[in-house]
Amino acid sequence: MYDELTQRVIAHIAQVHSIPAETITPENTFDELGIDSLGAMSLVADLEIELGVDVPNEELLKVKTVGSAADSLARVLAEAGAAPQA
Amino acid sequence: MGARRVAVTGVGAISALGADAAGFWEALSAGRSGIGPIGCVDCTGLRFANGAEVRGYDPAAHFERKQSDMMDRFAQLGVVAAREAAVAAGVEWTAELRESAAVVTGACVGGQASEEQVFIDAYQNNRHRAHPLTVPRVMMNAAASQITMDLGLMGPAFTVSSACSSANHAIGQAFWMVRSGAAEVAVAGGSEAPFAFGHLKGWDAIRAVSPDTCRPFSRDRKGMVLGEGGAMLVLEPLEAALARGATVLAELVGFGMSADAHHLTSPSAAGAARAMRAALRDAGVDPERVGYVNAHGTGTAVNDPMETAALRAVFGAHADRLAVSATKSMHGHALGAAGALEAVATVLALRHGILPPTANFTEPDPECDLDVIPNQARPAQVEHAISNSFAFGGLNAVLAFRRWDA
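Sequence lines, in order, name chains X and V. Each residue of the first sequence is one higher than the one before, counting from 537 in my numbering. Each residue of the second sequence is one higher than the one before, counting from 668 in my numbering.
Everything labelled a hint here was simulated from the structure, so no lab data went into it. Just so we're clear, the structure is a prediction, and the values are computed from it rather than from any experiment. Hints are not guaranteed to be accurate.
[Stated by the list, open to error] Taking lysine-lysine pairs in the DSSO-like style, the calculated list, with each CA pair at most 30 Å apart, reads:
(1) X:598 - V:733
(2) V:889 - V:868
(3) V:733 - X:600
Whole structure, please, built from the sequences with the hints as guidance.
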């Protein structure tokens, strides 16, 4: 089972892009999932709002996979000294 | 340049009167108003609480989530209407035709709900980041852009913004492009979704909105009632339409524009009259051959007598033989979509031989002494009809249609 943040990213992708959650892995690139850069940016923005964090632009540019999106969010959460909200 | 005749071969409409053009027409011909309490905004603190809302609209019935996420409500209403019009027209979209297909939309206030959300987030919720889709949702051309992507249309495409005349200006530009050969087919109309509290405060302040309902041309009228919706027409050369066996709903024969150059909010009869004359001149139609006018007819104290005077100036004695109705009494004033809803109403009136009424009419006003088809639709085969739109800022646009007899 994936960590909580990764699950959250997967659940969000599944909902917005109508992709079965069980078929999405952290290794999937957004490209493979048919999500363009605007879609990826929106996904991160939705989660930023949910989690109350701010992913810097340079961090966002590195986000190419489902896992890297979760990692970026985890890093900014750690820096903010906060645990993911339930 | 040999001017071509232009046919309307498809219409689409989503409005307070229903989810499609059939529902729209059914309500119009029954004289049933779609005005009621505004549900999507808490109107506490406003002087009005009624509007003509698209009720029961569910984005998921029309769009996948990733698509609806990209669009404000106003753009969604535009795409829904464009799809309906395109399906109704039954155009066969070859690669060549797609490349010369125009899309021209009208919008007056754009993505108000999306804009309001970012302001609430920034000013009230202290969020220091806005959603990345904010700008593409808010932008005035969103409906035009989304229609090009949705239908795969790749010719001239743009949005016209001239307040309450936006859609008439848009349809007029598309008409001239098809007539001149600059486009082989066009999807044109307008869409609007103005129900956001901050925006409504602006309307409240201008004191032109009725506290109850919209009664155009009635002595006891109290103002306009805001509406929302989307309406689109498919325009194509008459010859091409006939060659492919399409149903011609009506012929679009003339378009006229003028500027009052007078006042920001108070309209001028001279300006309105110039636009009507320009449309008739463009159509090559004598005023005496017009039988029906879909009036701008907002139900404000100022517009209706002004429009009456303008109609009398243009039509002279024939004004007493004109049937004139203000369908805003039913679909509300949908701002940048208003002209498109009224163009659809006019086309369907010619097609069905039924003139929609002015609903909510109570008492004649000597200053609006026209035959305003009070409350009850009227069977009548008229040859030509015009549809008026006049805007804040004094920008006027009038479309002229001819009945098509197959």
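Each hint, compared with the structure:
1. For the suggested pair residue 598 of chain X and residue 733 of chain V, the alpha carbons sit about 22 Å apart, so the restraint of at most 30 Å is met.
2. Our distance criterion of 30 Å between C-alpha atoms is met by residue 889 of chain V and residue 868 of chain V, whose separation comes to about 18 Å.
3. A distance of roughly 18 Å separates the Cα atoms of residue 733 of chain V and residue 600 of chain X; the hinted pair therefore holds under the 30 Å criterion.
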